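Protein chains in written order, with my numbering: chain X, 67 to 249; chain U, 1036 to 1338; chain P, 3 to 655.
Keep in mind the hints are simulated off the structure, nothing from the lab.
For clarity, every value in this text was computed on a predicted model and none was experimentally measured.
Please note that the accuracy of each hint is not assured.
List time: in silico DSSO-like cross-link candidates among lysine-lysine, alpha-carbon distance up to 27 Å [unchecked claim]:
{"hint": "1", "chain 1": "X", "residue 1": "K233", "chain 2": "U", "residue 2": "K1104"}
{"hint": "2", "chain 1": "U", "residue 1": "K1104", "chain 2": "X", "residue 2": "K228"}
{"hint": "3", "chain 1": "U", "residue 1": "K1285", "chain 2": "X", "residue 2": "K209"}
{"hint": "4", "chain 1": "X", "residue 1": "K171", "chain 2": "U", "residue 2": "K1246"}
{"hint": "5", "chain 1": "P", "residue 1": "K486", "chain 2": "X", "residue 2": "K86"}
{"hint": "6", "chain 1": "X", "residue 1": "K238", "chain 2": "U", "residue 2": "K1132"}
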Amino acid sequence: MINGKTTFLNEVASIPACDKINECVQCGVCSGSCTTAEHWEYPPRKIIAMVRAGMKDEVLNSNSIWYCVSCYLCTARCPRNIKPANIMHALEAIALKEGYKPPTKTTTMYRSFANSIEKNGRIYEFGFMLDYFFKTNPFAALKMLPLALSLLTHKRMPLLPKSVKGKDQLNKIFHNITTGGSR
Amino acid sequence: MKYYAYYPGCSMEATGAPVEKAIHAIAKPLDIELMELEDWTCCGSSPFSGVDKVKAMAITARVLAQAEKTGLDLVTPCSSCYTILREANELMKEDHKLAWQVHEALVSVGLSYNGTVNIRHIVEVIYNDVGLEALAAKVKRPLTGLKVACYHGCQQVRPDYGFDDSELPNWLDNIAKSLGAEPVNFPLKARCCGSSLVISETGMAIDLIHKLLQNAQDNGAQCVLSTTCPLCHTALDAYQSQVNSRFKTKYNLPVLAVSQFIAIALGLDEKAAALDYNVVSPKKLLAPYFSGKASLAKAESAT
Amino acid sequence: MEPKIGVYVCHCGSNIAGVVDVEKVAQFAGGLPGVVVSRDYKFMCSDPGQDLIKKDIKELGVNRVVVASCSPQMHEPTFRRAVQDGGLNPYYFEMANIREHCSWVTESPKEATEKARALVSAAVRRVYYHQPLENKEVPVHPDTLIVGGGIAGIQAALEIANAGRKVYLVEKEPSIGGHMMQLDKTFPTLDCSACILTPKMSLVGAHPMIELLTYSEIDNVSGYVGNFRIKIRKKARYVDTDKCNGCGTCMTKCPVKVDSEFDEKLSKRKAIYTPFAQAVPNVTVIDRAHCTYFLKGKCRACEKFCERNAINFQQEDEIVDIEVGNIILTTGYKLFDPSPIIEYGYGRLDNVITSLEFERLVNSAGPTSGHILLKNGKEPESIALIHCVGSRDEKYHEYCSRVCCMYAMKFAHLLKEHVHGAQVYEFYIDIRSFGKGYEEFYNRVQKEGTVFFRGRPGEITDVAQTPEEKGKLTVQFEDTLVGKKRRLPVDMVVLCSGIEPHDDAQDTAHKFNISCGKENFFTEKHPKLDPVATMTDGIFIAGCCQGPKDIPDTVAQASAAAARVLALISKGKVEIEADTAFIDEDKCSGCRVCNLLCPYNAISYYEKDKVSRINEALCKGCGTCVAGCPSGAITHRHFTNEQINAELEGILV
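Next comes chain X alone, as it looks inside the complex (with noise of 0.2 Å):
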């Protein structure tokens, strides 16, 4: 434990693939690698410095970390190899956890994902998309239809998911994990 105290900065480190996270000494080149850092309210070396200082809410409010698109450019060049990219996954992780809402629409796409995997076993990606633009534009849905019209007309967009037995099994993984099992 970094300190010995339950800290934000603990909070993630204990996150798998998180632990180096204090060897960090804020040389830039993740922000400097970032394919999309222009976006992003503070960018990926400041996010870890905020961690560090405990700034939670400051982190978790805002909507820097949705923007990673997971290129790994930053976990490439990282001298100290520490994995920024999954980093920000478990802040976002957390973040939907204990319900923050940042300026986003990425946490409900994330969420949409995550349904569609528990309902059909795998994205089911016209379902998804549906419960994604419904929850938050349906009109943006308008601008993506001839996107969606030309997938469908080359035989990329099943309307219909396939079933699969195996979604049962995930559930129950979930569950175990929720509860803790034998914990």
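Got chain X; can you put chains U and P on it based on the hints?
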């Protein structure tokens, strides 16, 4: 004949259809047999790890548990699935608490995973197990003179798992050369297409796709040879019209997955190469190769 | 004489006592057979600690001493001296290492105490069988070998030679001078590097006490402190150094052009060449790998035009055998090659250069006569200097290379001087300006208008995103002090990469029987208290081969190593440990297996007597012959079978 357990990933049945169909068409000619996992479920992928990392790893582990039963290497064409599967393997080795949580979850559905699966990307299987020489020897319809920008995408080469260079990879370029084509210089060949956020941050993703198409075109590419990742292919192909309308450009770059290119070069027909599924039609560009006039044209210009 | 053993268990502050229950161990030892007194004490190596031993020898008649403390590497000499001062033969002493081998590597106090008891028990049983031995004294040869003719080697050579002692200075390149000769100005004084170095080089070349062997390498090293035997290979220059006067005519006539190593391949030299104008010795050398005569049997233009008939294509490598008492390794460094850092574009993008390439460009004796020029021949308007290239990076070198911040800032100053109106940008993570005058130099560079951005760039790219970036090199970075990702187009990028050891550092270390550390720098005896000595007596290291450092520190280390050598020469003799091996000639069958086994060539066969004998001066007590002798005829003093078996018993019981 080499046997592999095969994990297509959710997108392959939908947006990745052309890529997938071509993969199945070329498997036999390349002496590989891809045995799809029965009743497979989603690998988890980046969005899910942004919801709950442990749950995400657990459903990844279900796929791995299934694959382990076959005793074969697990091959996937989706770069995103590839990264997730590999990450799960590595993480569970290092993080014992996570491994235990995942183990308990799997046991609750009668499965277990012992960490023995070897996860491979289909491009790497073609490169190493089939080999460039064997591939070249099977070419019946060389793509001579076709200038291709070889798009590898991010997650095929990063994080660095020892698979090609993580900044400027060239395995697809080498495959293209074996097929007779001419790969062009393409500095953004391993840069992000943005497709993981194309639904919620469409503008941002379109901008990234635009940069890629521009870079390919600026370097003289006639088409893009993309990796088998369905997200990358869809981004560059299906979203090209969105790029054009947003940026008032006139891109008409056919985007074919490497599996489609191989199908064409091995002499298979248009249906096998799934050319109907491409939104930006490659038929005009490829017509000379199908009619055999391409090699004639080359011969004529040489005299 | 009945053995009366005294056992002393050291606390070593909390180093041992923090883990091992030292009182319990002392108590336990007190009950062992032969032990008449058993004590524990806070710091056995201190004066009062040593006095405990001396007192017990005098008053209690203790005649065998066991100290359970640190490693013998640390304090065996200390305690042997104490025992000797107490009136006992120093070899009646045994150490149990309950620190490096126990408290420092065992987490559980219970396990550590258990282990300490076993180690003490072993030492007690062993010391019972110790015999009194006498150290030998060997003379120290007054000559010294220095390997590497850069500033470190030159400094050390002059120090020793000026004290009136002979030095062999061996350098593998055709001239001495090393990397310092390539530099333009040196920080923070901005001394012209060649101007301060060449006088020293001249002195070396002319010094009656220095024998300079350039274009030479060490083939073989044998012997021990005070008595080393070295085989030096003088590589064939194909030029007679007695006849060549450095007139340079041959160079003008030679038709072959080769990339100049000295100019970092930015200019050409000839196949017959001197590496630079002020070379010492000022004698040419023929590069046989590129010479037309050696490749095709033709040309010989140099021979034709040489007025002194100095060319000799028949010349062969010459082996020179020398004897020296001490060796100083000053083999220097190599610059980290940034090619593997693909995102920085070195080797792929024009106008991305390394620091040594920049030194040659800015040097008035360099390939562009001191003009900073782009590949297209124009002057750059804007230049980016990137710090920490390949350093402070787990993928390349984890360590900080110490000198790069300073030389990067020196470059900034030189750019402002050489390129009128240049816009200079430095990209750093931390500014390390630690030395005398260094912080002031940083301030000066800021005053001169160089702009510092805190942010290690993610990449250098030529793919333009805006019209301003077209045709430029764009540095993409986060300005971390502002918190925004930015792209800055510049004309030229200098990658300030770090110092690393030569590729053959491990081979060199092996040759001289010293060690390399994790990053392949030579390992010093103690990083704080003995930075110029090695674990091998008589072999010293100085300069960048020990670790990255600037010129002031290099010169200081070189002088330190020289002082150590002069001290040994002045004393004139060294004590050799008595734990050598000897052959019982009655048991020796004359099979000679030991002759071949000895790594120090210390055993010879005597034809007349049909037995082998060991030269105790050369014997290092490694024990190989003892183990290898099929007749069991060889005994290892202080490591007899009896002693070793007793030790094992002590552990197992």
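Hint check results:
Distance check on the hinted pair: X/K233 and U/K1104 sit about 19 Å apart at the alpha-carbon level, within 27 Å; holds. Straight-line distance between C-alpha atoms of U/K1104 and X/K228 comes to about 24 Å, which keeps the hinted pair within the 27 Å bound. Using a Cα cut-off of 27 Å, the hinted pair U/K1285 and X/K209 holds, with the two alpha carbons roughly 19 Å apart. The suggested pairing of X/K171 with U/K1246 holds, with an alpha-carbon distance near 24 Å, which does not exceed 27 Å.
For the suggested pair P/K486 and X/K86, the alpha carbons sit about 23 Å apart, so the restraint of at most 27 Å is met. Straight-line distance between C-alpha atoms of X/K238 and U/K1132 comes to about 20 Å, which keeps the hinted pair within the 27 Å bound.
Checked against the numbered hints listed earlier, the structure breaks none of them; every hint is satisfied.
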